[in-house]
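Q: Make the full structure from the sequences, and use the hints.
Here's the letter readout for the chains.
Protein chains: 2
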Amino acid sequence: MEPKLQQAAIGVDLGGSHARAAVVTVAGRILTQARARVADDRRPEAVVARIVEVVQDALAQAGLGLEEIHGLGVGVAGQVRGASGVVANGPNLGWREVPLADLLEQALGTRPRVANDLDAIAWGEVRHGAALGHKEVLVVYAGTGVGGAFVIAGQAHHGATGVAGEIGHVKVRGPDGAACGCGGRGCLEAYLGGKNLSERLRREAIAWPDLMEAAGGQLDALHPGVVESLFVRGDARALAMWRELGEMFGDVLAHAVTLFNPSLLVLGGTVAEGCPELMRLARERLGQRASSVSLEALSVVAAQLGDDAGVVGAASLGRMVFESKDGGS
Amino acid sequence: MEPKLQQAAIGVDLGGSHARAAVVTVAGRILTQARARVADDRRPEAVVARIVEVVQDALAQAGLGLEEIHGLGVGVAGQVRGASGVVANGPNLGWREVPLADLLEQALGTRPRVANDLDAIAWGEVRHGAALGHKEVLVVYAGTGVGGAFVIAGQAHHGATGVAGEIGHVKVRGPDGAACGCGGRGCLEAYLGGKNLSERLRREAIAWPDLMEAAGGQLDALHPGVVESLFVRGDARALAMWRELGEMFGDVLAHAVTLFNPSLLVLGGTVAEGCPELMRLARERLGQRASSVSLEALSVVAAQLGDDAGVVGAASLGRMVFESKDGGS
Numbered sequence: 051m052e053p054k055l056q057q058a059a060i061g062v063d064l065g066g067s068h069a070r071a072a073v074v075t076v077a078g079r080i081l082t083q084a085r086a087r088v089a090d091d092r093r094p095e096a097v098v099a100r101i102v103e104v105v106q107d108a109l110a111q112a113g114l115g116l117e118e119i120h121g122l123g124v125g126v127a128g129q130v131r132g133a134s135g136v137v138a139n140g141p142n143l144g145w146r147e148v149p150l151a152d153l154l155e156q157a158l159g160t161r162p163r164v165a166n167d168l169d170a171i172a173w174g175e176v177r178h179g180a181a182l183g184h185k186e187v188l189v190v191y192a193g194t195g196v197g198g199a200f201v202i203a204g205q206a207h208h209g210a211t212g213v214a215g216e217i218g219h220v221k222v223r224g225p226d227g228a229a230c231g232c233g234g235r236g237c238l239e240a241y242l243g244g245k246n247l248s249e250r251l252r253r254e255a256i257a258w259p260d261l262m263e264a265a266g267g268q269l270d271a272l273h274p275g276v277v278e279s280l281f282v283r284g285d286a287r288a289l290a291m292w293r294e295l296g297e298m299f300g301d302v303l304a305h306a307v308t309l310f311n312p313s314l315l316v317l318g319g320t321v322a323e324g325c326p327e328l329m330r331l332a333r334e335r336l337g338q339r340a341s342s343v344s345l346e347a348l349s350v351v352a353a354q355l356g357d358d359a360g361v362v363g364a365a366s367l368g369r370m371v372f373e374s375k376d377g378g379s
Numbered sequence: 051m052e053p054k055l056q057q058a059a060i061g062v063d064l065g066g067s068h069a070r071a072a073v074v075t076v077a078g079r080i081l082t083q084a085r086a087r088v089a090d091d092r093r094p095e096a097v098v099a100r101i102v103e104v105v106q107d108a109l110a111q112a113g114l115g116l117e118e119i120h121g122l123g124v125g126v127a128g129q130v131r132g133a134s135g136v137v138a139n140g141p142n143l144g145w146r147e148v149p150l151a152d153l154l155e156q157a158l159g160t161r162p163r164v165a166n167d168l169d170a171i172a173w174g175e176v177r178h179g180a181a182l183g184h185k186e187v188l189v190v191y192a193g194t195g196v197g198g199a200f201v202i203a204g205q206a207h208h209g210a211t212g213v214a215g216e217i218g219h220v221k222v223r224g225p226d227g228a229a230c231g232c233g234g235r236g237c238l239e240a241y242l243g244g245k246n247l248s249e250r251l252r253r254e255a256i257a258w259p260d261l262m263e264a265a266g267g268q269l270d271a272l273h274p275g276v277v278e279s280l281f282v283r284g285d286a287r288a289l290a291m292w293r294e295l296g297e298m299f300g301d302v303l304a305h306a307v308t309l310f311n312p313s314l315l316v317l318g319g320t321v322a323e324g325c326p327e328l329m330r331l332a333r334e335r336l337g338q339r340a341s342s343v344s345l346e347a348l349s350v351v352a353a354q355l356g357d358d359a360g361v362v363g364a365a366s367l368g369r370m371v372f373e374s375k376d377g378g379s
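Keeping their order, the protein sequence lines are chains R and D.
Counting the first sequence from 1 gives a position; our numbering is that position plus 50.
Counting the second sequence from 1 gives a position; our numbering is that position plus 50.
Treat the hints with care, since some could be wrong.
Dumping the calculated SDA-like pairs for lysine to any residue here, alpha-carbon to alpha-carbon at most 25 Å [as the list claims (entries may be wrong)]:
id, chain 1, residue 1, chain 2, residue 2
1, D, K185, R, V136
2, R, K185, D, A203
3, D, K185, R, S342
4, D, K185, R, S374
Everything labelled a hint here was simulated from the structure, so no lab data went into it.
A: Here is the structure:
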């Protein structure tokens, strides 16, 4: 085996539309990768078959066999019950109580470490990205949904049942707040999540000509970045909307920072990346609303790994399990 | 040495008015104890002299020498900078940047583990009280002030700079909220802390005859328990106040439970113990406002150790350091 292939691990990122697998070096570099569509058939056995295909494809490109791999990790868009690898609830896949680790072990002959996709992303940023070297980290992703993950004493924090870090489901409004995909009302994600926010923009565009114009007259082209561009041009309505959402997001970040006292807050996801002014407002609010002692040691940075964080982090989680079994040899 | 004295540790609880020391068995039972007033002279050297006295008094009662002790821990009402044992800010003692661990090591010849008093209390409940056997615990104390501590993966969680768990300083109101002892505004403690709440009651009593009457006409006798008794009798104003505070407290508990996914929430402190109806309202609100998945595995219980939690927990923290150095011998 070439030196660069030594100790490579496989990371899989499983979302509602695609499965992606990558062979990742010990330094967090992606060597080879493959991607397959899962949106056409999301039954667990079909999705597992797609995952097996992309894993074998990525391995073949690297000229490696599965037996040469130092760990296999899967990040999945859903709530995972601890070390069991059971996906309790994966709304984008339509899954409830799917024993993904068991199914993949039967199909591949190797047991994967299955984790929530945001835990995998957070772990990627901690091991190979923006949070390298930090032991107390809060990673928050504002993308299609809003999620978070904590690293505590250098370890991914899962909580009692593996659902820690659900920052998108902290309530920012009362029982009459906006409906959320989780079944609750008033969750942060119901306002800040890209899916929900874009739906709101489509509803408001009818009575907001400047928004419609900025989207080129196309409802389908509406996304949070369009409001960001209006904000930059001084549009009063965009200003009010960003101020409302910035305060909401900043308050929840402040709660989390006050309670956990991290040294680093990493902000990522398409909404965070596409809306720097909204993030500036949220950070301002965070600075006003977290306890002063928790702010003394806090840095706020952007995520570094972008779309690769999921596979890189999943590979790293898989490698961790492998090394704990194998003594790191 | 008698068997019951084997492996005894010393715990010290240092507040703004008194220092208390106890000799504590490995099972968490208090063998002997001593107490001294520190309120008359709170200069660090004077307080250290009082601590030395109570430690030596408790040891003498037990017939033990300091060299026979398996660890020394101190819980102090203030923010402690990690393992350095420096009290960064102890408002009730009037301390800033006091190197308490160094001072006690010079005076006693043994280096103590110094921790925030609520971290010590939480640790006491985890090792010997309500949270025995749980690895993911949130302990919240609503007493004179409001504080909290997390146990994560079986370990006390201190955060990047030792100020994690400051649940009393999560903001529940905007920048025009009530002033808090921390210098901020709108903190939970500014409303729910016994000191601040009693001050509010004294202000409101002038225009609230039933409250004044329930306190026997004495402003000094006003405390949160008086409102609790009015609530039980169906007093409309007490009802409104408890509903407001219950929602406030329940919301913050919900944020913490959603973010952190504990299996156990322990509620303690004089306000929690003296106001069961207020706690019932807070728990109801928690059940409505935390993410549904984080509630599945959650139990809520009352603290068990009462006033002893501080010394018992401090002794346990001290023992932990001792055993890590000494291989548990």
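Q: Which earlier hints can't be squared with this structure?
A: 3
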